[in-house]
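The primary structure of each chain is shown beneath.
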Amino acid sequence: MAALPSSIDDCAAGLLAHDYVAERELACAVFLALRLQRPLFLEGEPGTGKTEIAKTLAALLDRPLIRLQCYEGLDMASAAYEWNYARQMLEIQAAKEGQRLSSDELFTRRFLIPRALLQALEMPGPPVLLIDELDRADEPFEAFLLELLSDFQLTIPELGTVSAAAPPIVVITSNRTREIHDAVKRRCLYHWVGFPDAARELAILQRRVPGAGEALARQIVGFIQGLRGIDLYKLPGIAETIEWSRALLELNALVLDPETVHMTLGVLLKYQDDIAKVQGSEAARLLEQVRVATHG
Amino acid sequence: MADHLATNVVHFSRVLRDAGLRVGTDRIELCLQALQLGGIASRRDFKATLAACLLDRQEHRALFEQAFHIFWRDPDLMGRVMAMLLPRAQAKPGTPPPPENRRLADALFPQAAKLPQPPAEEQARIELDATLTWSQRELLRQRDFETMTVAEWAQAKRLLAQLQTLFPRRPTRRWAPAAQGRVAWRASLRASARGPGLALRRERPRLRVAPLLILADISGSMSRYSRMLLHLAHGLANPQQQRHAPRVASFVFGTRLTPITRLLRQRDPDLAVAAVSRRVADWSGGTRISACLHEFNQHWARRVLPADATVLLITDGLEQGADDDPRCEALAREAARLRLRCRQLIWLNPLLRYEGFEPKAAGIRALLPQVSQHLPAHNLASLEQLAAMLRTP
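Chains as they are written, first to last, in the working numbering: chain A, 2 to 297; chain B, 39 to 431.
One chain only, chain A, in its complex shape (with noise of 0.2 Å):
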């Protein structure tokens, strides 16, 4: 298990050791909220490299990941705990012919099935606990969060309270498509995690695709920088950035030419409008634009 970061800086450059290239504002929410354990609460567009962070903090800090997909109806037995009900019923049969089994026996330790959460607190290391999507699941599940997500702790009602030795580092991620409630956010360091600007999406570029040139990796950061200033339904994040560099790279491209782009902008866009929107004229334009940008 490596030390915490000693600064904002080391933060940052612990980070893009790790190939991620973070602003400086997440390296300071990130550097906080590892200092102060507080859980870090993140928010942004799908595929801007929220879920990364967690990902980069279990390599950097070496440490385990545990990560809990939300969904809808996702309730305590399948995040926290779970009692090992066919074991139980086994032990009861088996206890009526011999001697009778009380029911304090019965909701031990060896009938419990931890999940997720609780394995975090459990660990003898604290481990990297990623709570991905958390505006998927519903709003009672958020109450039940609130415990843990202060006192790292989580409360069995037949065994009674579970403290965790160490704190896990939480990273909580939404991608918005609800408010979250103040209450969980209120225990949160909050960040925003928006579109990286041009410097910062070809930094990132480089250090995740290295095998793209320097020349095709500005014309392909230029031409997604583009598209993003269109009104489009769903707008490429860094993901598909990268995504579609190697499927360039596939495709043994050297530079952007409107039949590559055409051939590949379903890597980029997910919508048959946005599609229809940017094939044709709307490329043309972009990729003129990017050429102009490139060499002048």
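These are computed hints drawn from the structure, not numbers from a lab. Please read these numbers as outputs of a predicted model, since none were measured by experiment. Glycine is no exception: its CB is placed at the ideal position from the N, C-alpha and C atoms. Some hints could be false.
[Stated by the list, open to error] So the derived label-pair ranges between C-beta atoms look like this: (1) A/His182 with B/Arg381: 20 to 30 Å; (2) B/Gly233 with A/Ala166: 38 to 48 Å; (3) B/Arg381 with A/Ser79: 22 to 32 Å; (4) B/Arg381 with A/Ala216: 46 to 56 Å; (5) B/Gly62 with A/Gly214: 29 to 39 Å; (6) A/Pro158 with B/Arg317: 40 to 50 Å; (7) A/Gly195 with B/Pro297: 17 to 27 Å; (8) B/Arg242 with A/Gln280: 45 to 55 Å; (9) B/Arg381 with A/Ala96: 42 to 52 Å; (10) B/Arg300 with A/Ala96: 48 to 58 Å; (11) A/Leu37 with B/Arg99: 15 to 25 Å; (12) B/Glu103 with A/Thr261: 38 to 48 Å; (13) B/Thr293 with A/Ala166: 20 to 30 Å.
[Stated by the list, open to error] Some but not every residue of chain B turned toward chain A, in silico, with C-beta under 10 Å: (14) Ala44; (15) Asp64; (16) Ile66; (17) Ala86; (18) Ala89; (19) Leu93; (20) Asp94; (21) Arg316; (22) Asn335.
Chain A is fixed; fit chain B onto it per the hints.
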């Protein structure tokens, strides 16, 4: 940490709080802790630290930026705040101050409002400005939305109870005890442990009314119905019976789209409708259905429209333009997108009150193929008919 920095941070937080951000004492404390860890070296780090601790939603970002800029840097603080309090007519053309500015100015210097009154000439200018932004005509039209009579309200409430049939209950992924269904192991076990023998308990998916989204047209052609429809929206958002109430999000649109979900949370219907009419700037203006639907699809749909929702689109569908007008094409496209995002799209149309109504207007014909149901809604009676019709399968 230097005492005066702490004092200033506390002051800054209070300014943010007065400007409408929810900054509790705990956040201020967190912020002071954070500043002790560093982050005072550069202005950017300092701002990032304050933002991470004091902000909790992106919408407040602009306000925070302005407050930070004014509070922590500007030497001519007083002059700037005074400039903000001057009427807009004096601002440089093309650079209107963002709407938050006034709120922020009030928060920064509450006493500034009580400063010596500007001379009479200034006041005249302010009045002129007000007439330009909030025309007499619009003020008059607001009177359409006065209070409802007791009888009307009672009738509306009865009606709303019947309208529940519009919104069938759907199974959720949570479970509730039931006589039949799958075996509930947890409950069974508890029951079994209590007595001899094996007691099986069962459970079923819990039912929930599908969430509801109301998009109501308040343009000029709809003005006769707007009040009643707003009351309808309010009634749906504040049901008498909480048990099977759907989650409701509401918007009104004319030339612009305005979210009114929060305004309708006010329990008193007249206060709620009054709050809406204060907020909405484009009462009885023109209609730009396709533009408003576009804005909804683009900026709101992902946040307020779950995939299993019922959408109530309340409009007469009178978009300007002929058949081949690009606006009608756009209307069809936006309605189709909306349709794809929800479970059913119900169009309540007051024009259907006319016997032998024919969809002649281009806007109506563009909208019609996209909706799941097209129903009349011109008065309480027609809604009653509607409810009756929905009750009989």
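The hints, checked one at a time:
1. One distance hint, 20 to 30 Å for the beta-carbon pair histidine 182 of chain A and arginine 381 of chain B, holds here, with the actual separation near 25 Å.
2. Separated by about 40 Å at the C-beta atoms, glycine 233 of chain B and alanine 166 of chain A satisfy the suggested range of 38 to 48 Å.
3. Roughly 25 Å separates the CB atoms of arginine 381 of chain B and serine 79 of chain A, a value that falls within the hinted 22 to 32 Å.
4. Against the hinted window of 46 to 56 Å, the Cβ-Cβ separation of arginine 381 of chain B and alanine 216 of chain A comes to about 49 Å, which satisfies the hint.
5. At about 52 Å, the CB distance of glycine 62 of chain B to glycine 214 of chain A disagrees with the hint of 29 to 39 Å.
6. Range check, proline 158 of chain A to arginine 317 of chain B: about 46 Å between beta-carbon atoms, so the 40 to 50 Å window is met.
7. For the pair glycine 195 of chain A and proline 297 of chain B, the supplied restraint of 17 to 27 Å holds, since their beta-carbon distance comes to about 22 Å.
8. Against the hinted window of 45 to 55 Å, the Cβ-Cβ separation of arginine 242 of chain B and glutamine 280 of chain A comes to about 49 Å, which satisfies the hint.
9. In this structure the hint that arginine 381 of chain B and alanine 96 of chain A lie 42 to 52 Å apart at CB holds, the actual value being about 49 Å.
10. Between arginine 300 of chain B and alanine 96 of chain A the CB atoms are about 56 Å apart, so this pair conforms to the stated range of 48 to 58 Å.
11. The hint said 15 to 25 Å for the Cβ distance between leucine 37 of chain A and arginine 99 of chain B, and at roughly 21 Å that hint holds.
12. Under the hint 38 to 48 Å, the C-beta atoms of glutamate 103 of chain B and threonine 261 of chain A, about 40 Å apart, fit the expected range.
13. For threonine 293 of chain B and alanine 166 of chain A, the hinted distance range of 20 to 30 Å is not satisfied, since their beta carbons lie about 60 Å from each other.
14. Here the hint on alanine 44 of chain B is broken, as its CB sits about 17 Å from the closest CB of chain A, past 10 Å.
15. At its closest, the beta carbon of aspartate 64 of chain B sits 7 Å from a beta carbon of chain A; the interface hint therefore holds under the 10 Å criterion.
16. Here the hint on isoleucine 66 of chain B is broken, as its CB sits about 12 Å from the closest CB of chain A, past 10 Å.
17. Restraint check, alanine 86 of chain B versus chain A: the minimum CB separation of about 4 Å is within 10 Å; hint holds.
18. With a least beta-carbon distance of about 7 Å to chain A, the hint placing alanine 89 of chain B at the interface is held under the 10 Å criterion.
19. Below 10 Å, beta-carbon pairs count as interface contacts, and leucine 93 of chain B has one with chain A at about 5 Å; its hint therefore holds.
20. A hinted interface residue such as aspartate 94 of chain B counts as satisfied when its beta carbon comes closer than 10 Å to some beta carbon of chain A; here the least separation is about 4 Å, so the hint holds.
21. Among the interface hints, the one on arginine 316 of chain B is violated; its C-beta lies about 23 Å from the nearest C-beta in chain A, farther than the 10 Å criterion.
22. For asparagine 335 of chain B, the interface hint holds, the least distance from its beta-carbon to any beta-carbon of chain A being 7 Å, beneath 10 Å.
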